[in-house]
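> Chains R and Z are the protein sequences, given in the same order.
Just so we're aligned: the first sequence equals residues 16 to 297 in this note's numbering.
Just so we're aligned: the second sequence equals residues 3 to 758 in this note's numbering.
Incorrect hints may have been included.
Partial pick of chain R residues on the chain Z-facing surface, computed with a CB cut under 7 Å [as the list claims (entries may be wrong)]:
| id | residue |
| --- | --- |
| 1 | 25 |
| 2 | 108 |
| 3 | 272 |
Taking CB as the label site, the calculated pair distances span [to be verified]:
| id | chain 1 | residue 1 | chain 2 | residue 2 | range |
| --- | --- | --- | --- | --- | --- |
| 4 | R | 171 | Z | 151 | 30 to 38 Å |
| 5 | Z | 65 | R | 48 | 44 to 52 Å |
| 6 | Z | 65 | R | 270 | 40 to 48 Å |
None of these hints come from the bench; they were simulated from the model.
Every value quoted in this text rests on a predicted model; they were computed, and no experiment measured them.
All C-beta atoms in this analysis are idealised placements derived from N, C-alpha and C, irrespective of residue type, glycine included.
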Amino acid sequence: MTVAVPLSLAEAFDELSRTPDARLIQGGTDLMVEINFNHVKPANVIALRRIKELRTWHVNSNNTITIGSGVPYQEMETGQLKELLPALAEAARTVGSPQIRAAGTLGGNLGTCSPAGDGLPVLFALDAIVHLQSLESSRDLSIHDFMLGVKRNARTANEIITGVTVPVLDGWQGYAKVGVRNAMVISVASACLAVDKKSNSVRIALGAVGPTIIRCRDAESWLVQQFDLSIATSIDPAIALEFGRRVALESKPIDDHRSTADYRRHAVGVLAKRLITRAYPS
Amino acid sequence: MSTVKQDTRHRDILGTSALRPDGVAKVTGAFSFSSDMWAENMLWGATLRSPHPYARIISIDTTAALLISGVSAVITAQDVPGKATYGLISADQPVFASDFVRYMGEPIAAVAADHPETCRRALAAIIVNYEVLTPVVDPELAMLATTEQIHPDGNLIRHQHILHGEAHITSDITVEGNYTIGMQDQAFLGLEAAMAFPDSGGNGVELHIATQWLHEDRGQIAACLNLPEDSVRVVLGGVGGAFGAREDISLQVHCCLLALRTGRPIKMQYSREESFFGHVHRHPAKIWMKHHATKEGKIVKVESRMVFDGGAYTSTSPAVLINGITHTQGPYQCDNAVVDGYAVRTNNPPCGAMRGFGVVQACFAHESQMDKLAHACGLSPVEVRLINAMHTGDKLITGQVMESVAPVERCIRETDLIPLPAPLALDANVLEFPGGSGRTADRHNIVRGIGWGVSMKNLMYSEGFDDYATARCTLSNGIASLKFATSEVGQGFVTLAPQIARSVLGVDDVVLETSDTQIGSAGSTSASRQTWMSGGAVDGACRLVRERLFEHVGRLHNIDPIRLMIEHTDVIDTIGTFRISVTQATQGITLSETFEHHHRKTEDLDENGQGNCHVAFAFVAHRAVVDVDIELGLVKVVQVATAQDVGRVLNPLSALGQLEGGIAQGLGLAVMEEIILDNGRVKNPSFTDYLLPTALDAPHVVAIMIEEPEPQAPLGAKGIGEPPCISVTPAIVAAIRAATGKALSRVPVRPQDICL
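Bound-form chain R, shown alone (with noise of 0.2 Å):
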């Protein structure tokens, strides 16, 4: 196996050409864990971790921010990113361990593409847009038209996930994640919710309860036509119950280990509930 560590994206196209079958790694916390269980056995790996066009994150003119895909998530839970984008905070803070949120990164959620990748719901529920580039040309991907099922997605062998663009909103935002210890869990459901008052919108995304994050875009219509978010402060108790209800009908859950379909349709429900009565208290 080898192992190229470029010190620049022109680098790193330049090993990927050479090598086009290489597989990319940022943090290392998904690919590793693969290697080590015998899982893939890459013959070339190109390393992107030293490259600090993609460590970088600032915000644009047209209120949005630019996250490199090399951005820990320990970057995200303090500072400027947390005060701009809290939902995110909330689940880069839900992240494994410290070790693993010094190391791991958006672009190793995007490239891995897990339904219960921490960062993804986050990235959903704010319309993201995914920044690929390759040795020829770039291109924009709504994360929405990104992620296509479980560990699959659009980028091609030739691109490197640069990073996303989420907008600034005027709302309230947050994400809640359920695991069975206190932390350091694997998801069982999460959920980001997101308030624009600009355009009187409300965004709920969920993880781990499907073969993609899914945008409960039925009840997120129906509650805007409950009331109006965007001078609205507080939430009638029935209407939280009820958006939670009809979140938790657009969940596509599965049983297996972690826990069962009944349980994860139930808690999306939970924390749809609990999300927007934060957003609105009661």
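Once you have looked at the hints, place chain Z on chain R.
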């Protein structure tokens, strides 16, 4: 060999919080665990395992594997020169499966090669043809005579009946329940690992291994290798935890066979995944229990039926079963009992020793019952337990008289006096809520509950077994060196043994010699027994050496040795002014003594389960306070208060470590730790999915040690390793019941058990 150096101003004698001699090395990563071993010219060994819970082996073809460059040996059942099977109680487990595989992960072949990767390729190249069979996984079905018997020894491993007092007596109140205990894993952090060195000529082998019992390993290995026991030397490798999982043979025989076959040192180590298949687990159990009591809450009779799933091979199932049924009554007086226990063979993973050894299962049932009884009688959980608390002199349901110090009442009362934690603060950190870092709960979603658990646990081996311990003490030039075969698995005997020597001999410097089979057995590091047994042996050897020292000093200085004693680091004349330092007194001489400590004899149980089968007992009370998010079924254990009957505290820090660690392990069984099986298949063999408590799950522990020295125990100290993990599990579940009103008859309690 490690030397324990001492600061002259402070002496790490008995009763002080002497620090572990290997503590700094373990914390800094310098400690050599058995997986860190390496030797010139060594080869790697690896094991081929069954992918099926139950199948007939039609053929095994190793030709292709042997042709791979770098592969030195491929061995199967036909290469075992001695006994084809092994086992702690009954040798019913094949070294390699040859006709049937009876559990997922059962070893079929082993390879030796120049690199772990070559080993993996060799394993993949071995072709095994199976006829896959339908596994027998339900113990209730398995024990029926009409069910397919999956082993020549049959499916019923052991049945034992207990009849004590009047079988048909009843009383005002009866409470009953069915309880289920899931399969817990010991989940030690230091994976199975060993290195075997063949003797030149191939007539013997030296095995360095992380184990709990060097001599037992040696006996089983020698039989399988067809070598005399003294041709097999077993040396303790660095052990990273055990909790019962290193009592059975795992890779010992395979590693030695490969070394003898290749004539080269063989290193074997399991991965985390393989470890889940490579050692036994805690028995899952189903228990029906019924209590008859007066309306005042006094127990009149207990009835129970316990079914323990032993998995594919016997391991220690017969002993685990007997521990379970003989502890049906818990730490409570009970004059009448009818109990039946069954240990059953299935195609599930083999189960054997784990901290608590059968008593964990019984305790979850009897403590759940005590709360039902309290409710039925209008008593509090504390009141019902005090009314029934056992005392020294009481007769157990086996007819054995409780001769141990039995401060059950005191354990309960002192635990009850520990202040409850403050209510959840308005500004409490959300990380402290149930759900923790997942931020699932808001403060108003959380309900608090309090629950109790009290337990009795036997110490040492039972049913006539003489699990003695041996130690040698050598004193020369003011330095004591100690030799024993006691396995240090993290429990702290390497700290305690020098404390004993310093206290008895007045030395400061104590050297611990290598733990190996070059001295008599120490018995297993299990059953809460090493402080009592090996501690007794070290104490006895040191006392004999002290007698020799007094004789020597007395002779030299013309003083009757009976007048001499040790004061600090000097030998003094108790009725004169003579004083000489131990260092000076032992210049140029060597005094050495070996001592064997035996506990008192025990007996087998008769057909009615009557007999003095246990050596001694220890008791503990736990009170758990939990916060529950009822709607999501998530739990945070806030505080565990405990008062434990320890006899005498020999090292406060070390003792507290045992109490806190045991509580964390019992918490694991209460709310998260379970090997998930699907028709005999393990679904979660990883630390990603077999969940252990993290720092955010561990409760605040407030511990009181009840010191009432045990006259039977050589140092007055009872074993303290197992009790902490036993009754904390039912205490936590009782607290969740109190918060939720749910019946909760199964552990671990899963979120859906609470909220759906």
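> When you take the CB atoms of residue 65 (chain Z) and residue 270 (chain R), is the distance between them in 40 to 48 Å?
42 Å, holds
> How about residue 25 (chain R): closest beta carbon in chain Z under 7 Å, or not?
34 Å, violated
> Taking the closest Cβ pair, is residue 108 (chain R) under 7 Å from chain Z?
Since the shortest Cβ distance to chain Z is 5 Å, the answer is holds.
> State, for the Cβ atoms of residue 171 (chain R) and residue 151 (chain Z), whether the hinted interval 30 to 38 Å holds or is violated.
Violated: the Cβ-Cβ distance is about 57 Å, outside 30 to 38 Å.
> Within 44 to 52 Å or not, the Cβ separation of residue 65 (chain Z) and residue 48 (chain R)?
34 Å, violated
> Does residue 272 (chain R) meet its interface restraint, that is, does its C-beta lie within less than 7 Å of any C-beta in chain Z?
4 Å, holds
The structure fails hints 1, 4 and 5 (numbered hints given earlier, in ascending order).
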